[in-house]
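Novice: So the sequence lines, in the order shown, correspond to chains A and B.
Residue 1 is where the first sequence starts when you use the working numbering, and the numbers rise one by one after that.
Residue 1 is where the second sequence starts when you use the working numbering, and the numbers rise one by one after that.
It is worth saying that the hints were derived from the structure and are not from the lab.
Possibly wrong hints are sitting among the right ones.
Chain A is nowhere near these chain B residues, computed Cβ spacing over 10 Å in every case [stated by the list, open to error]: (1) Pro-24; (2) Arg-25; (3) Gln-27; (4) Arg-28; (5) Met-29; (6) Lys-30; (7) Met-33; (8) Leu-35; (9) Trp-36; (10) Met-37; (11) Val-70; (12) Arg-76; (13) Leu-83.
Computed from the model, here is a short list of chain B residues facing chain A with C-beta under 8 Å [as the list claims (entries may be wrong)]: (14) Cys-8; (15) Asp-20; (16) Arg-21; (17) Asp-22; (18) Arg-32; (19) His-34; (20) Tyr-40; (21) Phe-44; (22) Gln-47; (23) Leu-51; (24) Arg-52; (25) Ala-54; (26) Arg-78; (27) Lys-80; (28) Ala-82.
Beta carbons are placed, not taken as given, at the ideal position from N, Cα and C, and that holds for glycine.
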Amino acid sequence: MTQSPSQPSSPEARTDSPETWVDLYGDALYRFALSRLKNGELAEEIVQETFVAALHAYPNFKGRSALKTWLMGILKHKIIDHLRRKYRETPSDQVEAIADGADELFNEKGGWSVRPAKWSVHPGHVYEQKEFLDIFYQCLAGIPDRLAEAFTLREIDGLDTEELCKEMDISPTNSWTMLYRARMQLRRCLEINWIEGEDKE
Amino acid sequence: MFGLIPDCKEVTRMVSEGMDRDLPRVQRMKMRMHLWMCKYCSRFEKQLALLRKAGQSLATYRTGPDDSPVLPQDARDRIKQALREGAA
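Chain B with its partners taken away, still in its complex shape (with noise of 0.2 Å):
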């Protein structure tokens, strides 16, 4: 599938996928060789790994114990008001 020494294109696609498998033993040697030389491609790894927090810190924002608003009482009775009258 890839070459004996990946180049910067491939080595993205297997920084992406090695996110979300458990990429073949000698592919992912091939890829952390590339990433030891190559800064641009260093800087690419960690900008994904950005946007991976970037997605968790939603998740935790939206079930945060201590930062855990609630629907207002007043947009629940208007939104109850709107199913009847769609219901009607």
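Chain A with its partners taken away, still in its complex shape (with noise of 0.2 Å):
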């Protein structure tokens, strides 16, 4: 039997025909996004656009990473995409103004000119309260890019600061700065969209 040289002979390298990448990573994409999406038909049809995406981009896929770590970066990408066109339809456009504003929360002394307000969600319910979590992921939508990858990584993904930096390519004080300035803004975000509206104090 012959092969050409673009066809791998080897059973791992089934991995090659896209077909069998639904098989192997359908779940795992689709419980993903329903994680994010809370929505089972939108799910599929993200996880439909991140497969073709995958088709199309596949010349260009180095190995570098897993081919599951590759889908999945491409998965996070279309859903941030499809959160920020719904959010950018949605009356609310607090996500952005308040995108610059971590310096406005503090006065030239360094102490508190917005003081953090009481937030009365409990802890250990929060994964129960769909609405906080929606707003979480809009907020978290509403942030640039960079930032909202960074905090996803660590926060989400749970990678420590050296998988972090190698995952995103930056040194070790930049993500710091990059994770204070998400959680900055992603904290004043849902302090004015969840909890204000919520629950007036």
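Two chains, each in its own frame: build the complex with the hints.
Specialist: Structural data, given as structure tokens:
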């Protein structure tokens, strides 16, 4: 049996067939999309977009990361794109407004000028509060891309500093600054869009 | 880097950084001192912990053993179809 050079013959190489990707990674991608989007049909749609985009991008896939990681990366971008489109259409433009506002929170002496409000969320029950998580994602989609990526890798994917820096190709100091800015903006966004909307105090 | 008594802005930075690495001992003590005295920075610290919790809860949801949704078969077929058409 003759093999053309571009058709590897080892069993693992079957991952070269895009249709096999669906069987191998479809569930993982779907679960991830579902956890972010909370909507089965939409998750299916985004997973499909991901596979189709991967098909076209595959010639450029260098194999530096595992195929699954690569697909996950595409999926994450698709989700962020989707959320950004979605929330651009909603009336709440506060997400944008706070995008660069970390400094406005403090006076020139470094004290709070916008004091943190009391949040009535019970930390133990956060994940049961769909509304909270929805707004959380809305906020995550609203902050600058790189900050959202840093936050996601650190707090959702659980990477440590070393792994995060490798993934994003930044220095440790830079990573801490980005995470700080991401947290400041997310915190403020939640305070404006959820806490104040829920329970004025 | 930071003064004798860090101000609120500096403390927020330390609180955040302390979630990503072990702060030097002295810096950590200064931060703790400030947090004891400052109600708003204490709130801030709890709120960052909550952001972390929110992130983790999504990670758990995603891999939870008793809640593991799978890609439905019809969607699977549809996607494969789309890939065949895309490849053609």
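Novice: Hold the hint about His-34 of chain B up to the distance rule: shortest CB distance to chain A must be less than 8 Å.
Specialist: violated, 11 Å
Novice: Should the label of Trp-36 of chain B as a non-interface residue stand, given a Cβ cut-off of 10 Å to chain A?
Specialist: Consistent with the label, Trp-36 of chain B stays out of reach of chain A, its closest Cβ about 16 Å off (over 10 Å).
Novice: Taking 10 Å as the cut and beta carbons as the points, is Arg-25 of chain B off the interface with chain A?
Specialist: holds, 18 Å
Novice: Should the hint that Leu-51 of chain B touches chain A count as held when the rule is a Cβ pair under 8 Å?
Specialist: The hint holds - Leu-51 of chain B has a Cβ within 8 Å of chain A, the shortest such distance being about 6 Å.
Novice: Does the nearest C-beta of chain A fall within a distance shorter than 8 Å of the C-beta of Arg-32 of chain B?
Specialist: Given a least distance of 18 Å, the restraint on Arg-32 of chain B is violated.
Novice: So Met-33 of chain B supposedly isn't at the interface. Is its beta-carbon more than 10 Å from every beta-carbon in chain A?
Specialist: Given that every Cβ of chain A is farther than 10 Å from that of Met-33 of chain B, nearest at about 15 Å, it holds.
Novice: Given a cut of 8 Å on the nearest C-beta pair, is the interface hint for Asp-20 of chain B held or broken against chain A?
Specialist: holds, 5 Å
Novice: Arg-52 of chain B was flagged as interface toward chain A. Is the shortest Cβ-Cβ separation under 8 Å?
Specialist: For Arg-52 of chain B, the interface hint holds, since the closest Cβ of chain A sits about 6 Å away, which is under 8 Å.
Novice: Hey, does the Ala-82 of chain B contact hint survive, CB to chain A under 8 Å?
Specialist: holds, 6 Å
Novice: Just want to verify: Met-37 of chain B was marked as not at the interface with chain A; is every Cβ pair farther apart than 10 Å?
Specialist: Its Cβ never comes within 10 Å of chain A, the nearest being 12 Å, so this holds.
Novice: Far enough from chain A: is every CB of that chain over 10 Å from the CB of Lys-30 of chain B?
Specialist: Holds, since 13 Å exceeds 10 Å.
Novice: Once the closest CB in chain A is found, is it more than 10 Å from Gln-27 of chain B?
Specialist: holds, 13 Å
The earlier numbered hints that this structure contradicts are 11, 12, 13, 17, 18 and 19.
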